[in-house]
Amino acid sequence: MTAVRTPPRTAPETPARPASRTPVRPRELTANDVVTMIGCAVSAVSLSWLIFSVLTGGIGWLGFGLSAFAIFLALVFVVTAEMVGVTAATDRIATTVILASAVLLMVPLVWLVGYVIVKGVPGLTAHFFTQDQKGVTPILPSSAGGGAHAIVGTVMQVGLALVWALPLGVLAAVFLNESRSRWRRPVRIFVDAMSGLPSVIAGLFIFAVLILPYAKKIQFNGWQVFSYNGFMASLALAMMMLPTITRTVEVVLRLVPDGLREASLALGSSRARTVWSVVLPTARTGITTAVVLGIARAVGETAPLIFTAFGYDLMNTNPFDGPQESLPLFVYRNIRKPDLSAIERGFTGALVLMMLVIGLFALARYVGRDRQRRRGNRRRPRLPTLGDQPSIGKQTP
Amino acid sequence: MTVTAPSPAPLGKVAPEPRIVTDVPSRVDRVFNRVTLAAGLTVLLLLTLVGVYLLLRSREALSQTGLWTFLTREEWRTDVNPPRIGVLGLLTGTVVVALIAVVIAVPMGTMAALFITEYSSARSRRYLTTVVDLMAAIPSLLFGIWGFLFLSDQVEPLSKWISKNLGFIPIFAVDKGARLTGSMFIAGIVVSLMTLPIIASVVREVFAQTPPGEKEAALALGSTRWGMIRAVVLPYGKGGIVGGAMLGMGRALGETIAVALLLPQVPEATFRILENGGATVSGFIALRAGADSFTVSGLMAAGLVLFVLTLGTNMVASVVVSRSRSGQGVEL
Amino acid sequence: MTETIDLTQEAASPNGRGATPGAPTTIELVGGPPPGAATLEARDACAWFGDRLVLEGVNLVMPAGRVTALIGPSGCGKSTFIRMLNRMHELVPSAALSGEILLDGADIYERGRRAQDVRMRVGMVFQKPNPFPAMSIRDNVLAGLKLARVKCKQKDELVEQSLVRASLWREVRDRLDSPGGALSGGQQQRLCIARSLAVHPNVLLMDEPCSALDPTSTGRVEETIAELREHVTVVIVTHNMQQAHRVSDSCAFFLAAENEPGRVVEQGPTETLFSHPDDPRTLAYVEGRFG
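Just so you know, the protein sequences line up as chains C, F and L, in that order.
Quick note: the first sequence, position 180, residue 630 per this note's numbering, numbers continuous.
Quick note: the second sequence, position 140, residue 208 per this note's numbering, numbers continuous.
Quick note: the third sequence, position 39, residue 41 per this note's numbering, numbers continuous.
Isolated chain C (complex conformation):
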């Protein structure tokens, strides 16, 4: 029996290709949906107004907003369920709620920053950075004097704290990640425990151990070392910074691939040299980021300073002798005073503090971003090079 052959079919005439092709992304919301949502929003606001302004007492704009939103969601649900079904309706309000919460998240931050800027700028003069609070009385305006003593104090206290906490923290992180000691587990548990220490307890601890028993009894060089001063504050700050630095540096070290350590050991290196010449340089940007973030957090700590540096209105450039001011203390002490000019002054200090923290944060981001760019280099597709041909023949360039 002969096979039946299907005659070949000619392809239909294809229309001329369009000159350009525009990509289309499928959209979730149709115009209809948008109109529906707007309608629901309007209804929700009106209903809220009805309930709160007319029927019950006022609730303030915060409550008004919350309830209007809740009613809006209910309306959207009902309408969408009517149109498309319950499942889609649930999905719609879930999306709306999650989207709203993400937006809402940004609101307090923006508000806070805006508020501090608005309240702090009036008192921000050039001499804020050069003068202290000498001779400032409550009747003087908020621009009287300055916060230079606070800035100097912060720099000194945080700087000293770094001197105590940074080497110890990095070494402890190296111990936890690079050594094989059986003490690693207890040390790790203790580091985690220490990170949960409330900051005020650190200050109270330094106060009770070093200041209270020895105040005015021991002097070095005429300096009251065991009393309220910047040095004590730096010790308390170091207690807070140490676990943070240890943990973040340990995470960074763990990210260094093990293959690098193996390669180094296989070349005949000792463990110490491997850490020093291979692991640490590879982790350098990560460690720097971690340290800058640690500094940013330490700069804003107030509670440990209350019991140690105590606060002072005049410039004190000796952290080992006498109470010292610091930016957070400056803000805290002035905000709590009853006179308006002091409160304004406090806000100016808060503005400076905020700018410092945000600046450090941006610095950490910048340092970290550099690292990503370099990594991106490696993943770039390989550009063709001359040496790719497998010929061995020598070529004159």
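It is worth saying that the hints were derived from the structure and are not from the lab.
Partner residues are not named here, just some residues of chain F that face chain L (Cβ under 8 Å, in silico):
| # | residue |
| --- | --- |
| 1 | P84 |
| 2 | E85 |
| 3 | D91 |
Backbone N, C-alpha and C define an ideal beta-carbon position, used for all residues, glycine too.
Knowing the structure of chain C, use the given hints to seat chains F and L on it.
The following block gives chains F and L in isolation, referenced to the frame of chain C:
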């Protein structure tokens, strides 16, 4: 000519025994080992010292008061003789404020984390992550003054409405004519802003590790995005959410400056969150700089109680996260 | 300990860097390994991970100046064995071993011998290329010197010599200061080879060096291996039989039966092993009947 090995060990051959391998560490390595060990042990020692000292120093106050009385007495009065101090009033406030903060921060943080991992585009993801990280970096002092001088007044009408219309619920009850600023409710809101970034970060890391295969399977079966989240992401991330919540709780328990500004810090064991009143351990301590020896001892005892509470919460958080399916790769 | 090396014609570069064609140049290394290729011998080597015996009774001679390939299906202990040869096996906390590994007649596990010194004489190239990302290409090549505390005054010549021997010189000669991680996979692996060669080791171990590379790069690396045997003994683990056939002088066939430790089933000159092996299992493997 090749050499072949005999087939599997002939009978009677003695099983091989491992030999002891020694290595002579170079001098550099010996120094390295000692220095790093010293660093690790110093950290260990430091914390032990803190704990021991807290205990010793608390003895003065505790021996005078008695441990049980200290834990159950509400008031703190050093103006009478003998002084009557107790930590219950402080603990109540601490826990209530922390609970309010966590109740607000966990849903918000989880939803923000969901947004970042499931809903956002690459650009908005970067913005939101930056916002969350920046919120974590802003000092609590600034949140405190914003809350104290601004937010309080904005929230007060809401408090008033709740107390008037929902006042039959005990925690919302308010005495007639009582002030509604300086309440634990407002303090809780402000503390939640500080707890939110921690929870959002932990939960985000956890959600990011959801196996994409399972997510795709749910979508391929025709579920909506929310349905997929409910079926796959949330169950997977349960442990992480609980762990993050407890970690946030630990942070909220230790918050000092904001509550020092926002609450009157008068010890009382009250559950009326809308009313002016309440005190927390850290905030109370912070307001007592320059105290005398006995008060310091009492504060130490209170601080020790708080430390134990925070430590316990953090430890439970670690255990919960590490035991959960999602917590395996997460750093707490 | 100093050594004299002749720079061959290959290294001559027309733009003046390096030696003029034909003239020998000496590169001295102070504190480095003794010169020349060395013989490695394993006597009754066994390896454990915890309580599990993974390798049993390996007797193998890897002659100086030759390429020895370790072949066999995956999981038979080839990688474990090769890591015993430069004392990397003991880095795993639960690892144990027995038997002797002789480098030029002396047991490397002898009491009092430092693992560091052994690793300087026996270099290793890993499966996944791992150049140091924080260093430039030049510093990567010289890294072995820095890490093993070996001194050399003619650093530039050494860099050129090592990169020439690794067949990478022509491609990177004008970007020696760019970061080591910015190269392609094949180039990175050749950089790792150059890095290992810079300390002038007596033996070079290669643990599946081409398995992460594309075919072109694999070809380049194989050519490099062939040229290396003048300077070092090469021991290479590969589960690519054709590769073993192409590059090696002698082979050892590893096999592990179910629940049994790995053993060397047959060893000998490559040609013989591939054309008329004695053991039927070897025949089955080289014919591709299992892998």
